[in-house]
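There are 2 protein chains.
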Amino acid sequence: MAERLGYPAGTRLLILHADDLGVAHSENAASITALEKSPLNSASIMVPCPWFPEIAAYARKNRTMDFGLHMTLTSEWKNYKWGPVTSKDSVRTLVNGSGYFYALVDSLQNYADPKQVEIELRNQVKKAYRSSIDVTHLDAHMGAAASTPEFTAAYMKVGKEFGLPVLLDGRVYAMEHDGVKNLLDGNTVVVDRILYMEPHTYERGAHKFYSDLLKNLEPDLNFLLLHPAYDNAEMQAIAIDHPDYGSQWRQADYDFLMSGECAEIIKAQNIKMITWRELRDKITRAK
Amino acid sequence: MAERLGYPAGTRLLILHADDLGVAHSENAASITALEKSPLNSASIMVPCPWFPEIAAYARKNRTMDFGLHMTLTSEWKNYKWGPVTSKDSVRTLVNGSGYFYALVDSLQNYADPKQVEIELRNQVKKAYRSSIDVTHLDAHMGAAASTPEFTAAYMKVGKEFGLPVLLDGRVYAMEHDGVKNLLDGNTVVVDRILYMEPHTYERGAHKFYSDLLKNLEPDLNFLLLHPAYDNAEMQAIAIDHPDYGSQWRQADYDFLMSGECAEIIKAQNIKMITWRELRDKITRAK
Numbered sequence: 097m098a099e100r101l102g103y104p105a106g107t108r109l110l111i112l113h114a115d116d117l118g119v120a121h122s123e124n125a126a127s128i129t130a131l132e133k134s135p136l137n138s139a140s141i142m143v144p145c146p147w148f149p150e151i152a153a154y155a156r157k158n159r160t161m162d163f164g165l166h167m168t169l170t171s172e173w174k175n176y177k178w179g180p181v182t183s184k185d186s187v188r189t190l191v192n193g194s195g196y197f198y199a200l201v202d203s204l205q206n207y208a209d210p211k212q213v214e215i216e217l218r219n220q221v222k223k224a225y226r227s228s229i230d231v232t233h234l235d236a237h238m239g240a241a242a243s244t245p246e247f248t249a250a251y252m253k254v255g256k257e258f259g260l261p262v263l264l265d266g267r268v269y270a271m272e273h274d275g276v277k278n279l280l281d282g283n284t285v286v287v288d289r290i291l292y293m294e295p296h297t298y299e300r301g302a303h304k305f306y307s308d309l310l311k312n313l314e315p316d317l318n319f320l321l322l323h324p325a326y327d328n329a330e331m332q333a334i335a336i337d338h339p340d341y342g343s344q345w346r347q348a349d350y351d352f353l354m355s356g357e358c359a360e361i362i363k364a365q366n367i368k369m370i371t372w373r374e375l376r377d378k379i380t381r382a383k
Numbered sequence: 097m098a099e100r101l102g103y104p105a106g107t108r109l110l111i112l113h114a115d116d117l118g119v120a121h122s123e124n125a126a127s128i129t130a131l132e133k134s135p136l137n138s139a140s141i142m143v144p145c146p147w148f149p150e151i152a153a154y155a156r157k158n159r160t161m162d163f164g165l166h167m168t169l170t171s172e173w174k175n176y177k178w179g180p181v182t183s184k185d186s187v188r189t190l191v192n193g194s195g196y197f198y199a200l201v202d203s204l205q206n207y208a209d210p211k212q213v214e215i216e217l218r219n220q221v222k223k224a225y226r227s228s229i230d231v232t233h234l235d236a237h238m239g240a241a242a243s244t245p246e247f248t249a250a251y252m253k254v255g256k257e258f259g260l261p262v263l264l265d266g267r268v269y270a271m272e273h274d275g276v277k278n279l280l281d282g283n284t285v286v287v288d289r290i291l292y293m294e295p296h297t298y299e300r301g302a303h304k305f306y307s308d309l310l311k312n313l314e315p316d317l318n319f320l321l322l323h324p325a326y327d328n329a330e331m332q333a334i335a336i337d338h339p340d341y342g343s344q345w346r347q348a349d350y351d352f353l354m355s356g357e358c359a360e361i362i363k364a365q366n367i368k369m370i371t372w373r374e375l376r377d378k379i380t381r382a383k
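Protein chains in written order, with our numbering: chain S, 97 to 383; chain D, 97 to 383.
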């Protein structure tokens, strides 16, 4: 992949990515600051979420920035909810009795018709285009859209329709599903590693986790995802009873990005920053 | 009305009411504190809004409190949006091209089919009951549900179906509409005055406006509505470019309620506080 993008083999490529834009004002505000003032160079937007219009307005005005869509099929927080972009009657298998997405990926896997997953994913992309966002890629909130071979086929199909790379790693090659196999071709972007902090590493310190990770980054295409947000009243209320990926966690992600050390390590390690826009234009849309 | 509730004629009755619960965490948190620690004694909830689950959980646990529904047909803020509870295909005339409610009551009046208004209002009530809220009344966000005779007939009809009083004042008697006239009967609650701060009075000082109003309250059934919320990052972002009923305005409403003076005036003036639950049980549901 490095060579196809014009870099020597063995180059350590990095997309430094913020997930969950649109979920909250706190998330939007912190992610925008990190995109403008830290090495963070890519982000993805949750179209069904209440704060989508805020980040869509920003994306329209900042067209060189790298904004993809965080395909959303779950609504995981306890007291703050959203549902599909599609008219609910058309995607009944994606929603619970209150009309919201399920909280858990498990529930989605149990109940969702993959055809309805495809409809909803397509409508999220259409809504983003109607909002004049120059979409650079698709990825999957909580991994839901790539959590079964059937959903993955829908996710890849929608990406193909719009000429967009979708976040996938090597696990896609193990999926015994014709819909997936038929969509894998020379234009498919498959990243070498999807990297993110987990609860057991968070406990040992976010700053140490991220700085060690960057110092020991392996060659080829690395995708590091974070969730920058401010640890404030809004985010605390959203993440109530959920410390993992919660309000303090997101503040720690923001703090690492904004620390001088994040930029210094990337420079000292000669890590080459790339964006989904490059992948879209040089790989996915290559003739 | 005072006598029907068991008070001497000429008693000054007051419902001190918070609108817009569910719109934001800031609004929920400030309104809950004011309900617990100030003379505020009633509130209404916006069922379609993202923070509905938070206030619904609180209402379930605090069943003696007076919670009604703030029937919502508009989504008025610039960067933060919601849409109908009903599947969008069934209420197409209530939503814009992005699937949200219109921002303006004018747009609703221009485009909405009153039959679809009725469907949506009914589904908001049903969803609140499914969330186990002991609904005490209905009122109308931005007055939208009572802004035309046709909408008012739908709003009153839905109230009647569930045995709930709906907020109306004397203007209802002037509506030349059979649906409205046929629903007016001895069980209808019509308040004598709907009182609230407006931009020109806000400019002269919220505290002075509210304290003067309470000191000069007229006899019979007064409904005073406020919008308590905290002037914080979330509320500022919601109300961006909209100082009227904006973040500082809502903080001023909260501050007045929580000031000792609000309680002192009510006591000194011998104002009798009543709730929608009393009106519901003694008037709307009287045999």
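Hint data in this document are derived by calculation from the structure and do not stem from the laboratory.
Small disclaimer: the values here were computed from a predicted structure and weren't measured.
Treat the hints with care, since some could be wrong.
Any copy, or any two copies together, can satisfy a pair, since identical chains are not distinguished.
Listed next, the in silico BS3-like pairs over lysine-lysine satisfying Cα-Cα at most 30 angstroms (straight line) [claimed, not checked]: (1) K174 x K211; (2) K368 x K256; (3) K174 x K368; (4) K256 x K222; (5) K174 x K222; (6) K223 x K133; (7) K304 x K157; (8) K133 x K253; (9) K368 x K311; (10) K174 x K133; (11) K157 x K174; (12) K157 x K368; (13) K211 x K184.
Status of the hints after comparison with the structure:
no.: 1; hint: K174 x K211; result: within (27 angstroms within a copy, 33 angstroms between copies)
no.: 2; hint: K368 x K256; result: within (27 angstroms within a copy, 66 angstroms between copies)
no.: 3; hint: K174 x K368; result: neither (39 angstroms within a copy, 38 angstroms between copies)
no.: 4; hint: K256 x K222; result: within (14 angstroms within a copy, 41 angstroms between copies)
no.: 5; hint: K174 x K222; result: both (28 angstroms within a copy, 21 angstroms between copies)
no.: 6; hint: K223 x K133; result: within (29 angstroms within a copy, 44 angstroms between copies)
no.: 7; hint: K304 x K157; result: neither (35 angstroms within a copy, 42 angstroms between copies)
no.: 8; hint: K133 x K253; result: neither (35 angstroms within a copy, 55 angstroms between copies)
no.: 9; hint: K368 x K311; result: within (13 angstroms within a copy, 69 angstroms between copies)
no.: 10; hint: K174 x K133; result: between (32 angstroms within a copy, 26 angstroms between copies)
no.: 11; hint: K157 x K174; result: between (33 angstroms within a copy, 16 angstroms between copies)
no.: 12; hint: K157 x K368; result: within (26 angstroms within a copy, 54 angstroms between copies)
no.: 13; hint: K211 x K184; result: both (14 angstroms within a copy, 19 angstroms between copies)
The structure fails to meet hints 3, 7 and 8 from the earlier list, while all remaining hints are met.
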